[in-house]
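Undergrad: Next come the chains, spelled out residue by residue.
Number of protein chains: 2
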Amino acid sequence: MTIKPDYIRPIDFKHGRVDMNHGAGGRAGAQLIEELFARAFDNPALRQGDDGAALDMPAGHRLVMAIDGHVISPLEFPGGDIGCLAVHGTVNDVAMMGATPLYLAASFILEEGFALADLKRIVESMAAAARDAGVPIVTGDTKVVEQGKGDGVFIATTGVGALPMGRRIGGAQARPGDVVLVSGTIGDHGVAVLSQRESLEFETQIVSDTAALHGLVAALLAAVPEGAVHTLRDPTRGGLATTLNEIARQCGAGMLLHEADIPVQPQVEAACELLGLDPLYIANEGKLIAIVAPAHAEAALAALRAHPLGRAAARIGVVQDDAHRFVQMATRFGGRRVVDWLSGEPLPRIC
Amino acid sequence: MTIKPDYIRPIDFKHGRVDMNHGAGGRAGAQLIEELFARAFDNPALRQGDDGAALDMPAGHRLVMAIDGHVISPLEFPGGDIGCLAVHGTVNDVAMMGATPLYLAASFILEEGFALADLKRIVESMAAAARDAGVPIVTGDTKVVEQGKGDGVFIATTGVGALPMGRRIGGAQARPGDVVLVSGTIGDHGVAVLSQRESLEFETQIVSDTAALHGLVAALLAAVPEGAVHTLRDPTRGGLATTLNEIARQCGAGMLLHEADIPVQPQVEAACELLGLDPLYIANEGKLIAIVAPAHAEAALAALRAHPLGRAAARIGVVQDDAHRFVQMATRFGGRRVVDWLSGEPLPRIC
Numbered sequence: 001m002t003i004k005p006d007y008i009r010p011i012d013f014k015h016g017r018v019d020m021n022h023g024a025g026g027r028a029g030a031q032l033i034e035e036l037f038a039r040a041f042d043n044p045a046l047r048q049g050d051d052g053a054a055l056d057m058p059a060g061h062r063l064v065m066a067i068d069g070h071v072i073s074p075l076e077f078p079g080g081d082i083g084c085l086a087v088h089g090t091v092n093d094v095a096m097m098g099a100t101p102l103y104l105a106a107s108f109i110l111e112e113g114f115a116l117a118d119l120k121r122i123v124e125s126m127a128a129a130a131r132d133a134g135v136p137i138v139t140g141d142t143k144v145v146e147q148g149k150g151d152g153v154f155i156a157t158t159g160v161g162a163l164p165m166g167r168r169i170g171g172a173q174a175r176p177g178d179v180v181l182v183s184g185t186i187g188d189h190g191v192a193v194l195s196q197r198e199s200l201e202f203e204t205q206i207v208s209d210t211a212a213l214h215g216l217v218a219a220l221l222a223a224v225p226e227g228a229v230h231t232l233r234d235p236t237r238g239g240l241a242t243t244l245n246e247i248a249r250q251c252g253a254g255m256l257l258h259e260a261d262i263p264v265q266p267q268v269e270a271a272c273e274l275l276g277l278d279p280l281y282i283a284n285e286g287k288l289i290a291i292v293a294p295a296h297a298e299a300a301l302a303a304l305r306a307h308p309l310g311r312a313a314a315r316i317g318v319v320q321d322d323a324h325r326f327v328q329m330a331t332r333f334g335g336r337r338v339v340d341w342l343s344g345e346p347l348p349r350i351c
Numbered sequence: 001m002t003i004k005p006d007y008i009r010p011i012d013f014k015h016g017r018v019d020m021n022h023g024a025g026g027r028a029g030a031q032l033i034e035e036l037f038a039r040a041f042d043n044p045a046l047r048q049g050d051d052g053a054a055l056d057m058p059a060g061h062r063l064v065m066a067i068d069g070h071v072i073s074p075l076e077f078p079g080g081d082i083g084c085l086a087v088h089g090t091v092n093d094v095a096m097m098g099a100t101p102l103y104l105a106a107s108f109i110l111e112e113g114f115a116l117a118d119l120k121r122i123v124e125s126m127a128a129a130a131r132d133a134g135v136p137i138v139t140g141d142t143k144v145v146e147q148g149k150g151d152g153v154f155i156a157t158t159g160v161g162a163l164p165m166g167r168r169i170g171g172a173q174a175r176p177g178d179v180v181l182v183s184g185t186i187g188d189h190g191v192a193v194l195s196q197r198e199s200l201e202f203e204t205q206i207v208s209d210t211a212a213l214h215g216l217v218a219a220l221l222a223a224v225p226e227g228a229v230h231t232l233r234d235p236t237r238g239g240l241a242t243t244l245n246e247i248a249r250q251c252g253a254g255m256l257l258h259e260a261d262i263p264v265q266p267q268v269e270a271a272c273e274l275l276g277l278d279p280l281y282i283a284n285e286g287k288l289i290a291i292v293a294p295a296h297a298e299a300a301l302a303a304l305r306a307h308p309l310g311r312a313a314a315r316i317g318v319v320q321d322d323a324h325r326f327v328q329m330a331t332r333f334g335g336r337r338v339v340d341w342l343s344g345e346p347l348p349r350i351c
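These protein sequences, in sequence, are chains A and B.
Per full-length UniProt numbering: the first sequence = residues 1 to 351.
Per full-length UniProt numbering: the second sequence = residues 1 to 351.
Incorrect hints may appear among the rest.
Pulled from the structure, derived: some chain B residues nowhere near chain A, Cβ distances all over 12 Å [unchecked claim]: (1) F13; (2) Q196; (3) G227; (4) A297; (5) E298; (6) P348.
Simulated DEER-style distance windows between Cβ atoms [to be verified]: (7) B:E34 x A:P294: 48 to 56 Å; (8) B:E201 x A:P74: 57 to 65 Å; (9) B:G148 x A:G134: 55 to 63 Å.
Read the hints as simulated data drawn from the structure, not as lab findings.
We put the CB at the ideal spot given by N, CA and C, even for glycine.
All chains, please: the whole structure from these sequences, using the hints.
TA: Okay, structure coming up:
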């Protein structure tokens, strides 16, 4: 089944560029969808060719839904690109609710003049990430904006998943006494992107940690009784510090972290020093925070460490009573300071 | 519950502008979400403040999922704006699968420098549209790109809905003998946007038909036996002609339309003549095509006409055997021509 009459040539994915026709809703757009997106993402729902997808959901579950826009610059960076990132980020948001991610939807906003070779590489990376995660892209949309009104490609992805009835995992569920775990080293993604952007070279290349974490979440949840994990959250934009502040705000308690226990790769620490940045505020794309009832913290930590994506997991602090909901940190030098939200000095377009 | 310490001032929605801080994942972004998006869209799922939403789904249904990116220019046009359009477009895509739209997710890509007053107006229009449709925006995301890398605001919306088990409505379900209905006049949206863009003035102002069609779909489906409606589709980008070609491709049959039966408002017809456009290719945002078993076509048409959004509904043609899957039209002058896909002359950024 093809839309190409004889006089339409195949798309030139070597030298071709996105043009306004690709977004006009006519034949050129249909051809781009057929020869690129539908081919790369191929699955039964997408193959139907309707404007939406009809999907099976397991009985006895609630639905979880999460959306993320991706505008990262540069589009490709050490360890990943906007395509796989758009899959990982959204799969992770669904997984952090305690749900099993099932399906993705993707919206592409393309800039006129963007090289089709670059688009193809990104779409194929996205397709591979979805395949690896076992979460198909079942429906999509493409739009084109004029040159200078976009920036290559933006991708918004929505994920849906199935949440077992009665499971409640969220920021509001954390409570004083809970233990705060992190699944590995922090700051890798942000520093990888920044070093690419600033053309910095380090002795060891720093690569993004971008990864789908639903397998890690499943291993964690299987290792402890239902209800033992109170909060899961991936510390993306704003980093560990901002994410913990968000959770503190949601649950109405404070936190006390131990600086010495927070895992940071030495080369990331060195790069941060050079750049005048604090790894606590740097985005991660393959790490999670788990806030767990104290009785099950050891089992939870062991489960994280037993998984390939959680080998460097650590216990980094506790939730504590605090009407001010401050996130505090016992420093390496024996002092104590408040770890505030990210405020100034933004790191734009990190995801 | 507020994130504002005393030294943070409320956002200035009169004179303020989007800046890169609003997208950095820190306090400024959280404040914008709290004071604008969360306030306008307020509902229990969003209030949880997690990175996703946990939602109830009716038992005995399949899940329908649809996504749309919205990049319309100008952002406001006669009869609507990008905010309400982003709700209507996605609600309609879900409804066209025969599903009841339940929840929306929204991703905003903001351009640095965009006036917060404009953003607020758009977000409030979006909130009103979601409220009127009874489909809440349960989760969202905002990103900011540098000036010159975006165009004010882009909005990607995903809708999910519940599809009764066993219902199959889609392009592939149309079959020879079926009757093709359209729910009203065509071309209104595209001509309204173009006339705004080109600062054209007509005697009568042409306004977009942007509307949520799930109520109309429900009325139609209630009026005929289950299985009588084979295909529903909203003829947006590319217009009626392109949408019918898509369906012809999906179902492997042709169509024969009767030009005289296709409803077009006189002022839209006049504007199209002036602009050298064919209303068949102009986008609609509040119309649907229904392809119905012939025995139930009259009842279906009556149900459409009885609804406020379907008063000008008409029977415009039939599906017919055709190995070439051509959409043909019997013209007003007694001739017959092939109605092809939109190919050249794009109308960019119409939705």
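Undergrad: Which hints, by number, does the structure contradict?
TA: 6, 7, 8, 9
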